[in-house]
Amino acid sequence: METVGITSYGAYIPYYRLSRAEIARAWGGAPLPGERSVASYDEDSLTMATAAAIDCTTGIDRSSIDRLYFSSTSAPYKEKQTAAMIAAAIGLSSDTLTMDFSNSLRCGTDSILAAADAVSSGAAASVLVCTADIRIGYPNSQEEMTLGDGAAAIMLGNTGILATIEGYHSHFDEFLDVWRSDRDLFVHSWEDRFRFTEGYTRVVVQAVSAALKKYDMTAQDFSRIVFNSIPARQLGSVGNQLSFDPKKQLQDTLFNEVGNAGSASAMMSLVAALEEAKEGDRILVANYGDGCDVLILRVTGQMDRGKSWRGIKGYLAEKQILPNYQKYLRWRNLIQLQHAARPNNPRPSSPALWRDRKGLALIGARCKRCATVQYPAQRVCVSCGTKDDFEDYSFANRLGKIYTYSHDNLAMHPNPPAITAAVDFPEGGRIMCDVTDCDPREVEAGVAVEMTFRRLDYIGDFYNYWWKCRPVRF
Amino acid sequence: MESIKNRVAIVGMGCTKFGENWDKSTKDMIVEAAYEAFQDAGVSAKDIQAAWLGTVWSGDTGQTLAEPLKLRYIPISRVENQCATASDALRNASFAVASGVYDVVLVLGVEKLKDSGWSGLPSAKLDSDNTYRERTSTAPGNFALMATRYFANYGLSVEEGKRVLAQIAVKNHHNGTLSPKAHFQREVTLEQVLHAAIVAWPLGLFDCCGVSDGAAAAIITRADIAKDFRCDPIYIKALQLSVGPREGFISQSYDFTHVEETLRAGKAAYAEAGIKNPHEISTAEVHDCFTITELTIYEDLGWSPRGQAKQDVELGTYALNGELPVNTDGGLKCFGHPVAASGLRMLYEEYKQLQGKAGPRQVKNPKLALTHSMGGPPGAAVVSVVIVGNEL
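In order, the protein sequences belong to chains C and D.
Numbering-wise, the first sequence is residues 4 to 477 according to our numbering.
Numbering-wise, the second sequence is residues 335 to 726 according to our numbering.
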């Protein structure tokens, strides 16, 4: 049995936040405090998980990754693997084992447990787990206020461990408290009292108590307890029954800044806990959903990957408040809008998308004769005219500068104006792309940008993904 | 390589009214433009030995021309090169005549854009090989990329930059009022232009040409028999086309403040016509799809020094009563831009100018005139430059 632990971690929080007061203004009623994160019109669970995976693997050689697991209750497809697309976008080799975990709010820790099994059995040396959710509550519902969008990524391995997995325990519980069927767009829930007392509190207390007993530990052995994001009163009640001190031990659930990020919730809080933890700290994770997974971790080291690694702390700071509630409705396609007087693009061609699989990872080419870098990869060099003498050159992790730009009001766009730019890379090459997560006033020639993987369109009954740039804010 | 100079002549031209021609189909406009050209040349359909049809969105094979005109079983090629289509059709027709294979040929450009119901062009498709992994693209957005960079490069504040562009719009609108076939025939003030709604920043409504329907046609013959048709034929001095490899989108060498294809087509056209000084051109019709395009054309065609076109705009150099009147008929902005007809509409104006038939728009004693058309966006363009004159 190999030792297994967490070897890296990262997160992603969407740039845009909607204040709960603004939601209450739209519908009337009392606002809850704080903000909830709102995935942009060009984001989904796949793109957010990709961003978290990129954050987690900053400064790491990705060729060392054996497996990629994706966990979510809101994957973009019911039949088409998300993990495969993420692996393709971040340039993993084709012999990587990719898996999707879904359908439960505890699928994040389920995928962690599966990864831990793979590593401890020796089947894999390094597994990257990404969890993301973008769940939608009915307009004018409690969920609309409390849910939030986000992602986390955790790498498990047998060397360079930052936190060992000392133990785990899991209960399943067949229970109808929160659900979404295959006919539904919106999350449903039974009334709160039953949900939280008979559901959450009962199950979590049982599972955690059993785990503590199994490993002969007490509440006092832990510096941090990580729960899913649920109302503070419920957390307090659970904490009391398990003898935790809510003030000293409870990890912030990110309710005020993000909201309940579904299957990503406990994972994001775990990343935040790891960011703050000291060597020797013990962390307990109790991830509720169709039962409860309990993880016991012991921190053995700190992580430092430089400025561009953001984690929860970094992404909390990169934020913009949405100007109004209507944008949220529009971005989640919850209202019908008149089609702009502009033609749609035709649907992309599947053979063409497959031929351009390097383009999906933003890999261009460097001419071996004259060293000119170009994207997309060419057959004939734009500079010296040499044919078919290139090597791969990745643009995805490089920073660029906006050379010129336009703010287009004519284009059909969910967040007008459409901002497009010529992005020049200091090490060479130019890519024409859209600028996202950006106010027009922030754009000037010379502004530094980073590349981000986004969803362009839904045409021909499928999603088209590619890259855009966003201003550097770290 | 040889030159086309003085080998072919234009002996008849026609042009429909450009605009929202709701009551005219593509076929109707083809008939009108062609028959005006036939009458002007003193020929009829059965005299046409071969034809070249230019259209981007309004037809496909040569049948689009043969059917309404009842051209019977002659060779007809359909040409497409975005907004340079009409001039490219003229090129092809002219080479055929210069080769000696044909004596009398018809060239016609036509576009029917207003049937679509769209705002703007039917597509501003970039070439992403059917993946559509690309940026958002509209024509105004694509050209706004030049405006933001031009201002930044040459130290123009937004106000200064927009003001220069606005003067070009005002000039073209004024010329449009003197142009009975133009789509727009009204003056605009500088203030109106400056305060117009932004289409693609910094370009406002009056910085952008609209979409129009229209057709224009020419009858081409050999220079040595041109006077059999009329006493005042117009001779072609240069026919140039520059097609870029779209490198502006993938190479940092492109600066977005000029159009390389215009620069090269212009130089080649002057050389072909034996013109040493670009100011020998008496008057010109250029591709003012956007005001920024016209501004940079002044520099690319060698009339204003690089980065200094602003001075000439303010001096009125390019106004109707200036040293080098540009877009005397209102240009794309006011005459209209039915994409595949524009190059021939430009030629129609220069043809009339060189014959002294431009009425209130008449330029004094023109000798050499130039037309310039640009297809595609800056960074990936197709540019035609044609030079014509009224003397051999």
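If you are wondering where the hints come from, they were derived from the structure by calculation, not from laboratory data.
Virtual Cβ for every residue (Gly too), placed ideally from N, Cα, C.
Some hints here could point you the wrong way.
[Unchecked claim] For the chain C half of the interface with chain D, some residues (derived, Cβ under 7 Å), not all of them:
| hint | residue |
| --- | --- |
| 1 | 218 |
| 2 | 222 |
| 3 | 223 |
| 4 | 225 |
| 5 | 340 |
| 6 | 347 |
| 7 | 410 |
| 8 | 413 |
| 9 | 417 |
| 10 | 419 |
| 11 | 427 |
| 12 | 429 |
*Double-check residue 347 of chain C for me: the hint is only fine if its C-beta lies closer than 7 Å to a C-beta in chain D.*
violated, 10 Å
*Under the criterion of a CB-CB separation shorter than 7 Å, is residue 218 of chain C in contact with chain D as hinted?*
Nearest chain D Cβ about 50 Å off; hint violated.
_Status of the hint placing residue 410 of chain C at chain D (closest C-beta pair under 7 Å)_ = holds, 4 Å
*Any CB of chain D closer than 7 Å to the CB of residue 225 of chain C?*
violated, 47 Å
*Evaluation of the interface hint that places residue 429 of chain C against chain D, nearest CB under 7 Å*: violated, 10 Å
*Once the shortest beta carbon distance from residue 417 of chain C to chain D is found, is it less than 7 Å?*
violated, 11 Å
*Closer than 7 Å between Cβ atoms is the bar; does residue 427 of chain C clear it against chain D? Give me holds or violated.*
holds, 5 Å
*asked:* Using the nearest Cβ pair, does residue 340 of chain C come within less than 7 Å of chain D?
replied: violated, 15 Å
*Taking 7 Å as the limit, does the beta-carbon of residue 419 of chain C come near enough to a beta-carbon in chain D?*
violated, 10 Å
*Using Cβ atoms only, decide whether residue 413 of chain C comes closer than 7 Å to chain D, and label the hint accordingly.*
Since chain D brings a Cβ to about 5 Å from residue 413 of chain C, closer than 7 Å, the hint holds.
*chain D contact restraint on residue 222 of chain C - CB to CB distance below 7 Å*: Nearest chain D Cβ about 52 Å off; hint violated.
*Does residue 223 of chain C pass the interface check with chain D, least Cβ-Cβ distance below 7 Å?*
violated, 54 Å
Checked against the numbered hints given earlier, this structure breaks hints 1, 2, 3, 4, 5, 6, 9, 10 and 12; the rest are met.
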